[in-house]
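Enquirer: Letter by letter, the chains look like this.
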Amino acid sequence: MRHTIQQVFRSGKFVVGFSIFVAVLLIVIVYPLIITYPPLEIISQGTFFPPGIYVNVYDSIGSTQYTLNLDNTAANRIASKLSNDDRLAMKDWLVADGIPENEIDITNIQALLDQWEKNYDPAQKIAGMTNAKRNYYIRLNNSLKGLLSTEGVSIAVKNAEMGALEETGVVAQSNYVNINQVPNVRVLPLGTNSFGRDVLTELVKATNVSLQIGFVAGIIATLIGLTLGLLGGYVGGLADDVTMFVTNLFTVIPTIVLLILISFSIGQEKRGAFTIAVVIGFTSWVWTARAVRAQVISLRNRDHVNLSKLSGHSIVHIILTDILPYIASYVVMALILQISTAILAEAGLSILGLGPKTTLVPTLGLMLNWALIYQAPVLGKWWAYLPVIVAIVLVTFSMNLMNTGLDQVFNPALRD
Amino acid sequence: MKGYRKYFLNKALWFVVTFVCAFLLNFFLPRLMPGDPVAAIVARMAQGMSNATGVQAIYQQYTELFGTNKPMLEQFFIYIKNVARGDFGFSFSYYPRTVADVLKSSIWWTICLQFPAIIVGWIIGNTLGALAAYLKGGFDKVLMPVSIYISNFPAFGMAIIMLVIFGVVLEWFPTSGGYGFDLIPNLSWGFIWSVIVHYQLPFWTIVLIAIGGQAIGMRSMSIYELNADYVKYARFMGIKDRKIVGYVFRNAMLPQITGLALAIGTMVGGALFAEIIFSYPGLGFTLYNGVMGQDYPLISAATLIITVMVLSANFIIEILYGFIDPRIKAAQAD
Chain L
1 MRHTIQQVFR SGKFVVGFSI FVAVLLIVIV YPLIITYPPL EIISQGTFFP PGIYVNVYDS
61 IGSTQYTLNL DNTAANRIAS KLSNDDRLAM KDWLVADGIP ENEIDITNIQ ALLDQWEKNY
121 DPAQKIAGMT NAKRNYYIRL NNSLKGLLST EGVSIAVKNA EMGALEETGV VAQSNYVNIN
181 QVPNVRVLPL GTNSFGRDVL TELVKATNVS LQIGFVAGII ATLIGLTLGL LGGYVGGLAD
241 DVTMFVTNLF TVIPTIVLLI LISFSIGQEK RGAFTIAVVI GFTSWVWTAR AVRAQVISLR
301 NRDHVNLSKL SGHSIVHIIL TDILPYIASY VVMALILQIS TAILAEAGLS ILGLGPKTTL
361 VPTLGLMLNW ALIYQAPVLG KWWAYLPVIV AIVLVTFSMN LMNTGLDQVF NPALRD
Chain R
1 MKGYRKYFLN KALWFVVTFV CAFLLNFFLP RLMPGDPVAA IVARMAQGMS NATGVQAIYQ
61 QYTELFGTNK PMLEQFFIYI KNVARGDFGF SFSYYPRTVA DVLKSSIWWT ICLQFPAIIV
121 GWIIGNTLGA LAAYLKGGFD KVLMPVSIYI SNFPAFGMAI IMLVIFGVVL EWFPTSGGYG
181 FDLIPNLSWG FIWSVIVHYQ LPFWTIVLIA IGGQAIGMRS MSIYELNADY VKYARFMGIK
241 DRKIVGYVFR NAMLPQITGL ALAIGTMVGG ALFAEIIFSY PGLGFTLYNG VMGQDYPLIS
301 AATLIITVMV LSANFIIEIL YGFIDPRIKA AQAD
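Those protein sequences? They're chains L and R, same order as listed.
Start counting the first sequence at 1; every next residue gets the next number (this note's numbering).
Start counting the second sequence at 1; every next residue gets the next number (this note's numbering).
Among the hints, erroneous ones may be present.
Stated by the list, open to error - Straight-line C-alpha distance at most 25 Å; calculated PhoX-like pairs for lysine-lysine: (1) L:K91 to L:K81; (2) L:K270 to L:K357; (3) R:K70 to R:K81; (4) L:K13 to R:K136; (5) L:K118 to L:K91; (6) R:K141 to L:K13.
Hints were generated in silico from the structure; no laboratory data involved.
Just chain R, same shape as in the assembly (with noise of 0.2 Å):
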């Protein structure tokens, strides 16, 4: 158990510290930009408006608002501050919620929608990719270029396609929105199936789009490890097919997890874009609208709040694979 200590002495240390640089980038990064932020959005709400002592008034009050008055560093005490409370602010494009309701109703969605998605396409993706690396022949020549084609396939032409097949010419799913635009989320029948209904069309676009990479990775994985030497010798002891099958995709799996660790961060990108393109009430939705509605402080918390998700989903998954890969438990106790 000692090596295991130090093994997620290290990686919680790491989370921390990216925490913290991401924390930094969030703020500083927008700060440093050429302009004055508040005089930009104050120009913005001003289009249109005549009034030199209202523009003067508008432009005292967000200066006071987002304290841009203050010396950097006393702002960035201040949002660290608020942060902590769970106080964004307001938001403009949403006025009067607050960036924190505003976020809270949609971070639920997005956690609901992209995690089992994209664990389901890594299953399926490894699945089908040890399938291909075991069984060979046509099975292999049919999904490899199946699979590079889809991995090159970018996640909002994926989502576009999904949608106008399924959704427009089928008529199978509807095409937009987390629910019927017409209900009233409630904990009835006709609500949840019209929650389960919306959910199918951006869920199978994340999943196709975890597919694709996963399956080729885990192809050459199991191929690689499939012509070891391990497998040749169990082969002369006489060990059973099966068993050796076992071992070999438990070893090929293990780069695959480092793999889905890394690549977390893409895939949510990809899937934020799933939910645009259906007008999924999640979190990449509310960025959207919050970029189409120049909201600033609605974007920086939600870039921060994706930061935070894919940093944990990362952590997540390195301690799981401290458990599952005993390597790291020999080379820790060294």
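Chain L extracted, bound-state conformation (with noise of 0.2 Å):
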């Protein structure tokens, strides 16, 4: 045994894969440890916040405010500001009213701006031009008002008894906070998704699901897939018959159909991470019944199988001693394999939308369904759907590298 665990870590694809899967783990385990948000609470007004840093404004305007003498800092506001497109179509307009376009520079904010302010007129109308592309410019006028002054913010408090604003502070253009000193700071690594909840608390709760779910399959599917190889290959005769006529059976109906009739029936309200699970278990034990099978069947005339028949033990006993121990490595090795196909599996169905009870728990699929209900890819959010993607292909091609490894271990004619 310990002979066989070293020879397995020594090949290098099963040390990868076992490091992501071990890596993948270790996040799932500690992160909840350490950041205790609830992994479904909805903190967001409004849906598909950027990644970033979240400061709050209230408390920043009450901290302690220190002076940077920083250069370009005027440069990086108007670039926030005032994207590339935006001084594209301000050339645009300018060109249409009759500026020769050498006389525009884009990359002079300076220059721009000021034949901006000489030129532009919102009432004018340009040929050809639709009322949605005058309105952006109307916006794009407006938010340029003020973009080149020098003077700061006043900050002013409602007098409670006159209705009348007072000045409390001034804060000006090289003020700036500690982020260590204001108190209500959230990190929100991936931002938040479609329900406003944080992306990368969920996504570690919805790994951790769909690892079970994973789990869960591959022990059903394995089990059935093993009871069934041992039957056809051990008892043969009608048994083999019957189980193969199943496994064919099984083999040419395609599963996500089997998967889809099931889930559906079983009906939303009680489609729970654990039934889907076990549904994804009874459809997928195919491939390890087949494989089960040949392997016995290989093994059945063997001398050691022999012996024990006529020292007269009995079926199960065989079984247990004479074949699972020749045939453990493929049912570990099938075991991998169906679990990161059930996490496939379950990703699929939550597509479709049936996958597990949407208000319980998150799965990688849910959140994958999720984004695509609200068109995340198209809107470009990316933090809705990548992560989730990344996951998913982590978990299963770590699980894969491992399956592949152990092949090479003992399968010694796969070896390159």
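Build the complex: two chains, separate frames, hints provided.
Expert: This is the structure:
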């Protein structure tokens, strides 16, 4: 046993896959211990907040302010308000207005804004311009006001008796706050999703649930496959004919069809994560059964098995001591594959809208389903779907790598 | 020819048996589930209705429509009779269109998308795998990790990535639909061009899904065959390398054809997800709409048709295999 494990860990592919898998597992276990936010809590008002550090504006006004004299703050400020597309659009308007193209320099903000100030007239109608475009220019023009001013912004408080505003302070353009001194800062490394939930926290929980679904489904599928394979392979005769018939039947009938039919019939209300795992387990044992049967048939007439039979051991005893140890490596590999396919199957079902009930637990498939329903890929909200795909691929890829590694250890013929 | 007849009869019998079993499963699985399907449907339809007699009337109508008040066996024969006439009832979500009508328009989109894509993917995958086995070296070193990675990539993930890269970022192709939403199907150039443009993303996604696994399988088969004794013997005999390679790949190809027959169900499953992601108006997307609209008749009919398509494809591949592999004839002639 120890020798086998040593051998397995000498295979590069297995070690890489194993490390990725352990890393994912560690993150799933450790992350909730450190960051204890509830994974399904809706925190953002509105959807798809981009990833970043969210600093409370109210608190940062109250915090100690420091003056830092840094260069190009004005340039940064303008660049964040006035994108390159906006500048090109401004140029287009000016050209349409009759200003020669070579006089417009969109890299020189000062000159561009001067020209804009001088020439732009919201009332002017340019031939061939749609109303939407005209409104865009009006909005752009409004946002440009005060862009180049050098004064600060006043902070005013409403007087409770008079209702008048009283200035309590000024925020100069060179004022900074130290983020460590602001009491309310929330880091959202992957932003929020379509429901306003913290994507990273939810993703960790979802990976956890998906792995559990994978394990439950994988173990069920392996047990069924193992039983049928042993039955067909060792007992033979009629049992073999029947199991082979069933196995062949379920090989050609697409699994996805069975999954869809069963999960739809169970109904939305009764579909928990565990139910889905059981359904997946009951529909994906086919390949294990085939592989185990083939292995057992080749073992059935070996000398040690015959000897055991002659000694009068029971079938159960023979299977446990003379057959199972020889196919153990196969069964482990099949289990690993089953787990990874079960995770994919859950994701597929959820994308179809047949996954676990949505309000109790997140799963990787459900997160993808929500991202797709809310059009995240088309809207460019990458943080809602890409991390989920990466998580699925990492888990399945690591398992397949482990499987390939094991295969090369146990089947020397496959080694390159 | 006598050997072939036995083989074909055998396969045809198996096709019929699997078809019957699939049909039985399709009928009985949903009905064996706990709960009254009609009650569930009525509960969904009657949500927000306060009129008890109205709910009762709807319930009765649906019980009548699906015949759930009759014994299971009788229901089954009614179902067979209806299916034989191509009558799957009305669709809930596309009412007043019938299920047969909805599926008739979507089935051609699926056939025209999936089968060319799977075949092209299979051919490209096998060619790449064979080249990797024959050329070895750098080509093999690059191709294999890429293929392993791609074959591990879930179909829906691949579809989303393709959609984002080519549809959203580069804007080369439209991101959804089978043709422009502003067009009415006709035979003008504008419409055909629109169909071709919309075809590209789902097509290449399915091709990519198919390539990875096939390339890996073909590579290991080819390596195995290249090291076989008959190759060494042929080399000693001085037979030209080209000719040997021809034999080797023909032999390596045969298991790949059986592999295709076994994998076609999985591939069609993956392709259905590509349709859903790209909102391609085929069976996958119709099925998705059926699930979203809790449209039981549509789901049941769509799954039945998908199963029949997969079983037929399987059957056709095995028939072709019988023609290609001479060993089958030899085995049956004994």
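Enquirer: Decide, hint by hint, whether the structure agrees.
Expert: Now the hints, each set against the structure:
This hinted pair checks out: L:K91 and L:K81 have alpha carbons roughly 16 Å apart, not beyond 25 Å. A C-alpha spacing of about 8 Å is found between L:K270 and L:K357, which places the hinted pair at or below 25 Å, so the restraint holds. A hinted pair counts as satisfied when its Cα atoms are at most 25 Å apart, and R:K70 with R:K81 qualifies at roughly 15 Å. For the given pair, L:K13 sits about 20 Å from R:K136 by alpha-carbon distance, which is consistent with the 25 Å threshold.
Our distance criterion of 25 Å between C-alpha atoms is met by L:K118 and L:K91, whose separation comes to about 13 Å. Only pairs whose Cα atoms come within 25 Å are accepted, and R:K141 paired with L:K13 is accepted, the gap being roughly 15 Å.
When the structure is compared with the earlier hints, no violation turns up for any of them.
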